[in-house]
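Take the sequences, apply the hints, and build the full model.
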Amino acid sequence: MDIAVKNLVLSYETLANQAIRFNHAYLQLLKIYEELIFTPGWISELEKSGSSPLKTVVSMQQEQQIIISKFQELSQLLAKAQLHFTTNTEAEELRNIAHDCQVMIDFLNSIDLMDLQDMFREIKK
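So the sequence shown is residues -5 to 119, counted in this note's numbering.
What the hints contain is simulated information worked out from the structure, not anything from laboratory work.
One or more of the hints may lead you astray.
Simulated crosslink set (DSS-like; lysine-lysine; CA at most 30 angstroms straight-line) [unchecked claim]:
#1 Lys42 <-> Lys25
#2 Lys49 <-> Lys118
#3 Lys49 <-> Lys25
#4 Lys0 <-> Lys64
#5 Lys74 <-> Lys64
Pair ranges (Cβ atoms, derived) [said to hold, decoys possible]:
#6 Glu86 <-> Asp106: 33 to 39 angstroms
#7 Asp109 <-> Ile(-3): 40 to 46 angstroms
#8 Glu41 <-> Thr80: 53 to 59 angstroms
#9 Glu29 <-> Glu67: 20 to 26 angstroms
#10 Ser46 <-> Leu21: 48 to 54 angstroms
#11 Leu48 <-> Lys0: 27 to 33 angstroms
#12 Ala85 <-> Glu41: 49 to 55 angstroms
Just so it is clear, the structure is predicted and the values come from calculations on it, not from any experiment.
The C-beta atom is built at its ideal place from N, Cα and C for all residues, glycine as well.
Set out below in structure tokens:
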């Protein structure tokens, strides 16, 4: 396989791993939310200690946009690379990665951090 294609595959794998870690962090926040529903006073204690879930959500919103942006940039690089590889296994690999990038973008966009932020705010009331 061409070295440029290998590098693009590696870039995709790195970004995909970032997206997976991001999703794990989101799932952890959901678990924290579930715990806080039953003990709403804890959210005040968390905020006093500097571990506010609301701050974490804001930080995650920024991270979400950065990862999406990186996938979009990679998609553009893939589109340009596809022009150079038209009839071989590299071209197919590039098409597959481009498709996977779009799937990951859609997946990341489906994570509704604004809704989670609102949920934490409701507990705080």
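Are the Cα atoms of Lys49 and Lys25 separated by 30 angstroms or less?
holds, 16 angstroms
Holds or violated: are the alpha carbons of Lys49 and Lys118 at most 30 angstroms from each other?
At roughly 13 angstroms apart (the allowed maximum being 30 angstroms), Lys118 and Lys49 satisfy the hint.
Quick check: does the Cβ-Cβ distance between Ser46 and Leu21 fall within 48 to 54 angstroms?
Given range 48 to 54 angstroms: violated, Cβ gap about 18 angstroms.
Quick check: does the Cβ-Cβ distance between Glu86 and Asp106 fall within 33 to 39 angstroms?
holds, 34 angstroms
Supplied distance hint 20 to 26 angstroms, evaluated on CB atoms of Glu29 and Glu67:
This hint is violated: roughly 37 angstroms between Cβ atoms.
Ala85 and Glu41, beta-carbon distance inside 49 to 55 angstroms?
holds, 53 angstroms
Between Glu41 and Thr80, is the Cβ distance one that fits in 53 to 59 angstroms?
holds, 56 angstroms
Just to be careful, I want the Cα atoms of Lys74 and Lys64 compared with a cutoff of 30 angstroms; is the pair within it?
Since the Cα atoms of Lys74 and Lys64 sit roughly 15 angstroms apart, the hinted pair holds (cutoff 30 angstroms).
Straight-line Cα separation of Lys42 and Lys25 no greater than 30 angstroms?
Satisfied, since the Cα-Cα distance of roughly 20 angstroms is no more than 30 angstroms.
Between Lys0 and Lys64, is the straight-line Cα distance small enough, at 30 angstroms or below?
holds, 17 angstroms
Using the Cβ atoms, figure out if Asp109 sits within 40 to 46 angstroms of Ile(-3).
Distance hint for Asp109, Ile(-3) holds at roughly 43 angstroms.
Taking the beta carbons of Leu48 and Lys0, is their distance inside 27 to 33 angstroms?
Given a distance of about 42 angstroms, which is not inside 27 to 33 angstroms, the answer is violated.
In this structure, the earlier hints numbered 9, 10, 11 are contradicted, and the remaining ones agree with it.
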